[in-house]
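Take the two lone chains, each set in its own frame, and fit them into one complex as the hints suggest.
Residue numbers (our numbering), protein chains in the order written: chain A, 1 to 201; chain B, 202 to 435.
It is worth saying that the hints were derived from the structure and are not from the lab. Backbone N, C-alpha and C fix where the C-beta goes; we use that ideal spot for every residue, glycine too. Just so you know, not all the hints are guaranteed correct.
Computed footprint of chain B on chain A; a stretch qualifies when at least three of its residues, placed anywhere within it, have a C-beta under 8 Å from a C-beta of chain B [claimed, not checked]:
id	stretch
1	30 to 37
2	40 to 54
3	70 to 84
4	150 to 164
So the chains spell out like this:
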Amino acid sequence: MTITKDSFDALLEWLDPDRDKAGQSYEAIRGGLIRIFVSKGLTDAEFYADETVDRVVKRLPEIRAGYVNEPARYFIGVARNVIREALRRKEVTTDVLPECVSFRTGDSEMADCLAKCLKALPREKLELIHDYHVYEGKQKIASHREMAGERSISVGALRTRAHHVRILLESCVNRCMEDRRNKSVGDRHNNRAAPRRIHHS
Amino acid sequence: MRLLTEPAFVAEFDMMVDEIAASYVAGQFTGKEKEQVEQYFLRSPERRKKLGFMAELLHQVDVGREEQTVSARQDERPSFSERVNAFLNRPHLAQRFATVAIAVVLLLGGVLWLNRSRGPSSTKFVSLTLTISDAERSTTGQAPETVKLPADVNEVRLQLLLPSESTQPVRYRADFASPADVRGLTIAGQDSRSVVITVPASELKPDRYAVRLFIIHPDGQEDRVPGNYMFRVE
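Isolated chain B (complex conformation) (with noise of 0.2 Å):
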């Protein structure tokens, strides 16, 4: 009766129609539950129309999640200074010890191989820092740090507070949520209280951009950092 008559009752329905379905399509349904739903709610040709639909959008969100991460990882390779801080950075004291002087001839070594083939400061940057944000995304909520590119300015560096300090060995990624076709962010740097972001001074034009931060656990999973890091370019 409160399908003909109530259109709060009639919305939620259909919900609970399209959660069904993305469940199943999922693989959630297992055993006699499953059995129930093959039998009664796919039995009619609307149903399994609804279903294939929600098979065809979980798999076209899931490509455009790939090829987001797939861009972001390509992204974030880390650099030769960032892999030389994350093997001296291996707990072992010993191997520390053990290992210090032949980092410190690498990195110099690194060193002046870099400023051989950059050439004299090729690289001119501005930095601005970041403290993240709960407001929506390029809407209001608190002024956003603006920052002028010169024309000569090749790279902004972004460094990103994070909420607390991180105790454990993580790795990061980030991108852009606004606008979302921003290329070339890189993992610059990482400590226990902030994060660096390099991005292309050409990628950015005057505009309001708001960058996440996801935390990389040793296991793989990814956390979002919640909010994120507003800032304007004039």
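Next comes chain A alone, as it looks inside the complex (with noise of 0.2 Å):
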């Protein structure tokens, strides 16, 4: 189902009568989505996400007079069908094992991308996540007290600033590998931030 623009609009009407809040809103219900179906082990996560929304707003005619509850919880009594249906259709048509999970290092575009952006990372955030990461077990726990007391905040706060730094250096590895694979096949860049549409055959 392609979703129109009026469609679309009703939706975020829905979610909220303010549409800053609604589009908010709506980035917050579709990247929870995401999340659940990348955490039942569905491939291709954004596909589900954009068919959940997709029936919510086929359905939003009909139940919006009745439905009292919050448009959230909507979204995840269909995404229970949705990931029904999917691990169904696993079930019946495939038992592929799962492969071995493996990981290289040190010799992939990956490995080229997260070091260029190590190094553009600014200088006390460098320090930040290698000083985070470089102990395990009780050493770790030790040095992050340590780290959390030099910077006077909370070891959860240093935990919170080490997760900041791990989305930035993911988003930058992000960009750059998509960067050179439209460098090398010559497509246009994607923008990511309208939300993605999948326009089923």
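Structure follows, in structure tokens:
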């Protein structure tokens, strides 16, 4: 199903009368759906998130008048059905064993991009991410306590800061890898700011 | 539901995902737990991509750390007098008495050799005594010690006072936390109350500096002395 502008506007209005808040709510819901589908092991979680949104938009004219709960709750209900159907399809059509989980380091496009992104980090962030990940086990706990003390912040706040740096790095790496792919293939760079719509044939 | 409506919960969830991936990379999961992580947590391509990213990040952090350690270890190669000190400080008394005479001869010979090879007082240095600070690196806090470097000075000697007296036989390593690109730091000496490090004056431009000190235990374990030794070059 292809969502029209009017039906998408109706969805936003249902989420919140304030359009900005509705937009934020939509992004939060879509992000949450993607995380749920990833956790369930489904391939292409974004496809299933869009499928869920499509179904909600399709049902909205019927349910809107009588539905009194939080809209997010309705999305969850639809997502459950989507998951059930997807897993049933997997059970029926295939019994593929999971691949061996392996990862190589040091000699890939991602390695190059990450090295570039680490170099581009401000010194304080680079030191933080280095020091945060250098130890394991008890040493890690002690080191994190020390790092937090030096910065006069809690260990929880330190953990959040390290996480933000990882998010920065991941975004940088993804952009770098996409740029390389686009350069080699010669495709136009997709604009990811707008909600992604997948058109089913 | 909370994943769709609570940003703080979503952030916590994302951090947990990163931490599980990092723990898997570090080999911290074994047996049944490992199987469950592989079977459930790592089922989707997105999670495997995350795993690949965490593996690469931890690998590059390790490489970066090794490069730092090698560079610091090259700087802290024991000097002739340090080696003699270490030899003299061995615990067995009989050995001590028996080797004092030899050590004196060696020291005298060493000093004479050094003087001959260096020529008349070629090293001009300035000294600074620093106490540990728990202020943030290179920012506010108590005013750091300040030093001016005349043009003919070729070395800065920093005496780092230990927060508490050391009673165990340990070695030390030091490096610059900020700026991180200062080279040539050497551990010149130590006693139970302080560690002396030297830095070529050419490495120190007008700036604020923070030095970190690490204790190297006999088993090779390193512990950082909490805080930084701050000073400023004018």
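Exercise. Among the hints numbered above, which are violated by the structure, and what are their numbers in rising order?
Worked result: none
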